[in-house]
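The listed protein sequences derive, respectively, from chains A and B.
Residue numbers for the first sequence follow my numbering, beginning at 1 and rising by one.
Residue numbers for the second sequence follow my numbering, beginning at 1001 and rising by one.
Derived from the structure by calculation, the hints contain no laboratory data.
Watch out, some of these pointers could steer you wrong.
Said to hold, decoys possible - With a straight-line Cα cutoff of 25 angstroms, these simulated DMTMM-like cross-link-like pairs (lysine to aspartate or glutamate) come out:
(1) A:K235 <-> A:D146
(2) A:K116 <-> A:D191
(3) A:K150 <-> B:E1103
(4) B:K1462 <-> B:E1554
(5) A:K150 <-> B:D1326
(6) B:K1565 <-> B:D1548
(7) B:K1565 <-> B:E1181
(8) A:K116 <-> B:D1068
(9) A:K235 <-> A:E122
(10) A:K234 <-> A:D146
(11) A:K150 <-> B:D1302
(12) A:K150 <-> A:E228
(13) A:K116 <-> A:D170
(14) A:K150 <-> B:E1554
(15) A:K150 <-> B:D1116
(16) A:K150 <-> B:E1257
(17) A:K150 <-> A:D192
So the chains spell out like this:
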Amino acid sequence: MGTVGSDVVFQVMRYDPRRDVEPYWAEYDVPVDDGDTVLMSLMRIRESQDGSLGFRASCRSGICGSDGMVINGRSRLACKTQVAAMVALRGRVVLEPLRNLRYVKDLVVDQTPFWKKFRRVEPYLMPAGAPPAEERRMVMPQDAFDLLSKASDCIFCEICYSECPVNGIDRGFLGPQALIKAFRFEFDPRDDGAASRFAPLSNVEGAWRCRTTFNCTDSCPKGIPITEGIQRLKKKLAAETLAGLTPAYRSPTPVESPEDTSS
Amino acid sequence: MTSTGKIPKVDQTTSYDVLVVGAGLAGLRAALAVDPELSCVVLSKVYPVRSHSVAAQGGINAALDPEDRWQDHAYDTIKGSDYLADQDAAEFLCEDAARAVYEMEHWGTLFSRRPDGRIAQRSFGGQGYPRACYAADKTGRALYQTLFERAVAQRITVFEEFFVVSLVVAEGRVAGVLAIEIASGRLMAIPARTVIFATGGAGMMYARTTNPYIATGDGLAIAYRAGVPLKDMEFIQFHPTTLPGMNVLITEGARGEGGYLLNAEHDRFMGRYAPKLMEVAPRDIVSRAIETELLEGRGFADGSVHLDLRHLGEDLIRHRLSEIYDFAITYRGINPVHEPIPVQPGQHYIMGGIATGLEGQTTLPGFYAAGECAAVSVHGANRLGANSLLDTLVFGRQAGLAATRFCREEPQAPPISEASWEEWQDRLATLRARRTPMHYGPIRARLRATMTDNVGTFRDRKRLQAARGELAALREVYAHAGVMDRGEVFNYDLLAFLETGFLLDLAATVVEGALVREESRGAHWRNDFPARHDDQFLKHFLCSWSADGPVVGEAPVAITHYAPKPRTY
């Protein structure tokens, strides 16, 4: 590698909708120190070379999910990706916006469809009955708790959405993130929302569309076994279908649902 | 919500009853407390889930256990604050804590559990009882996700990626805000009867900080410029354990679970600084202890001491400290199961903030603040770990309830004048057009360096005066600086320029507060005045904006039941 202390070439997709007809590549030589992440280098470019470079960032440490982008061909968090590792891979760092979402400026994408799909699975606890007057004793086997806890590690970074091949060919597909979120509530023993979530989860744009390529699981920066969660969700939906809850195969609900005013 | 269609520059037709700025825990909790009959909107400069509340690790304090008492929690909080907390506020916080925690539990938060199913609690710095409820070492994310999901369920409207530049005041009360819609670059006037700021901290004024890029003190500086005083700004918390380099936070929970701090001589040095509480002494004490070890040559070459977790065992580390396990591996290539983690203090929190009362109210009618940007004050001179999450939930709710009452009692807000919009529109246009080689980047770098070097853990008059001089010089440079990006869409260059101005204003209040406080109290340590002086300084300092720099005033500290005593651990 031998990159530490020397300059690394960052090749970045640039695009400003008010100025550029189409995207183009820009190159920056960035001094890199031992242990620098891609995000630190991007910040260095913005503060000392080119202030106009557009990218989102906040926490710097892989917990806020702002800085998902395609780095050397794969969707990754810039703040969890070491420059040296990328240079070892390709000799330089190549940055593009996330896939399956419309790019707006440079590395910034329009997240609207992602959030609409998240909302469609009614991602909140629907408790059975009124809240208890005192502390609820949620006695749950440790492994079941760990499963839900792991699923709720999601940081909404959209990397799974970007890496999912089904999202790439079917704009209506809920995508891995919305499904793992649904899983987190569907398998919570305190939740009673199955009937309400059944329709969005079981129609043709829901869980059944997942083709188990494991791209989401492989790319998730929090290590969530998303694919496994989706398959458990399918099993539950199948059981609910057989129990006669609702017909499984229904026409999809439109992406632009009129009640969706709070995105 | 990204707005659609053409919105007039001053749109008086969509006036909100309650406008919340900031979508972290305090902001969302405030919005959820607003009467649903009223119109409420939350503005955030990032998507809500990017707020830094999600980064909180260790826990949220509440006296849940039958053996524990909220009064003891209040005492620990007040002692931890080095007696600068307003005691009525600290008592309110601690008495309301159990309710706040159970509410989150009922809304769905996956707290870690004891074997019998009750919420697990761990030891935390400066607490006389293990009362920090937690969700592994990702308590902030667990709480935040629940609150965010609640906001989705309640159809709370969020204007995502709106950058507030100014608070509009008319007829002596708040009238709304001016904000840039980041996606389009448009300046918009948003009228509101009440405004609640929940905009978080300002760690970006320091080089070594656990804070995110977005923590640029926007709300504090905007309130300050609008004439609302800032309280106790000299009190900056340095977290004892951050990873050298990026200064990623390593939770206090790691010490709460039994981790040791060791210097290069393999000495558990905390025994010399806090013989009773050792590693779980309050943060100000542990940070100073580490800095002292480093200054006296007992640290490691990279300016660190070691946090040793190895004796805790792999199972505990991977289950209850999973996030920092991941951090140590990702950012340092260190597996804490087998190796100690190098740590050093880093800026973490500002105890000071917009001066508020128990209901989040400020000196400006209709304007409220909650969370890190506010100083009620419950944290005084030093915040205890696991009290800030609690602060956001308790006082966020208070602000939402108070804003609701204000809307019921007061008439409609005065309109926002075209002139106030035009003033900012002109300012932004001038800025975009300015041709200058001076970018904000070097100004920020110098600001971070001077604050870290001169206004850190150990302070003295000479260094503070040097910082004051440097800040004045930087303000001069800033007045003639400009931006590189002249575009409109997602112009982060312009936002960072404005943020730099906020940080410069705030840094000046930190330095002025630190200069006038000629004593050592909590996180504010003066080498030239190494003792606490209650006779002179048991009071808050309030900084008010003026064209010539901060004007320092005073306010009394509320004392209820706890007479100030020497603070030993």
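Do the hints match the structure? See the list:
Taken as a hint, the K235 (chain A) and D146 (chain A) pair is honoured in the structure, with Cα atoms around 20 angstroms apart against an allowance of 25 angstroms. Among the hinted pairs, K116 (chain A) with D191 (chain A) is consistent with the structure: their alpha-carbon atoms are about 22 angstroms apart, no more than 25 angstroms. Among the hinted pairs, K150 (chain A) with E1103 (chain B) is consistent with the structure: their alpha-carbon atoms are about 22 angstroms apart, no more than 25 angstroms. Restraint check for K1462 (chain B) and E1554 (chain B): satisfied, since their Cα atoms lie roughly 24 angstroms apart, inside the 25 angstroms limit.
A distance of roughly 14 angstroms separates the Cα atoms of K150 (chain A) and D1326 (chain B); the hinted pair therefore holds under the 25 angstroms criterion. Between the alpha carbons of K1565 (chain B) and D1548 (chain B) the distance comes to roughly 38 angstroms, so the proposed pair goes past 25 angstroms and is violated. For the suggested pair K1565 (chain B) and E1181 (chain B), the alpha carbons sit about 50 angstroms apart, so the restraint of at most 25 angstroms is broken. Distance hint between K116 (chain A) and D1068 (chain B) is unfulfilled; the C-alpha atoms sit about 44 angstroms from each other, more than 25 angstroms.
Proposed proximity of K235 (chain A) and E122 (chain A) is supported: the alpha carbons are some 19 angstroms apart, at most 25 angstroms. Using a Cα cut-off of 25 angstroms, the hinted pair K234 (chain A) and D146 (chain A) holds, with the two alpha carbons roughly 20 angstroms apart. This hinted pair does not check out: K150 (chain A) and D1302 (chain B) have alpha carbons roughly 34 angstroms apart, beyond 25 angstroms. Annotation: proposed proximity of K150 (chain A) to E228 (chain A) holds, straight-line Cα distance about 12 angstroms (limit 25 angstroms).
At roughly 15 angstroms between alpha-carbon atoms, K116 (chain A) and D170 (chain A) fall within 25 angstroms of each other, so this suggested pair holds. Restraint check: the Cα-Cα separation between K150 (chain A) and E1554 (chain B) comes to about 48 angstroms, which exceeds 25 angstroms; the hinted pair is violated. For the suggested pair K150 (chain A) and D1116 (chain B), the alpha carbons sit about 21 angstroms apart, so the restraint of at most 25 angstroms is met. A hinted pair counts as satisfied when its Cα atoms are at most 25 angstroms apart, and K150 (chain A) with E1257 (chain B) qualifies at roughly 21 angstroms.
The suggested pairing of K150 (chain A) with D192 (chain A) holds, with an alpha-carbon distance near 21 angstroms, which does not exceed 25 angstroms.
Violated hints for the displayed structure, listed by number in ascending order: 6, 7, 8, 11, 14.
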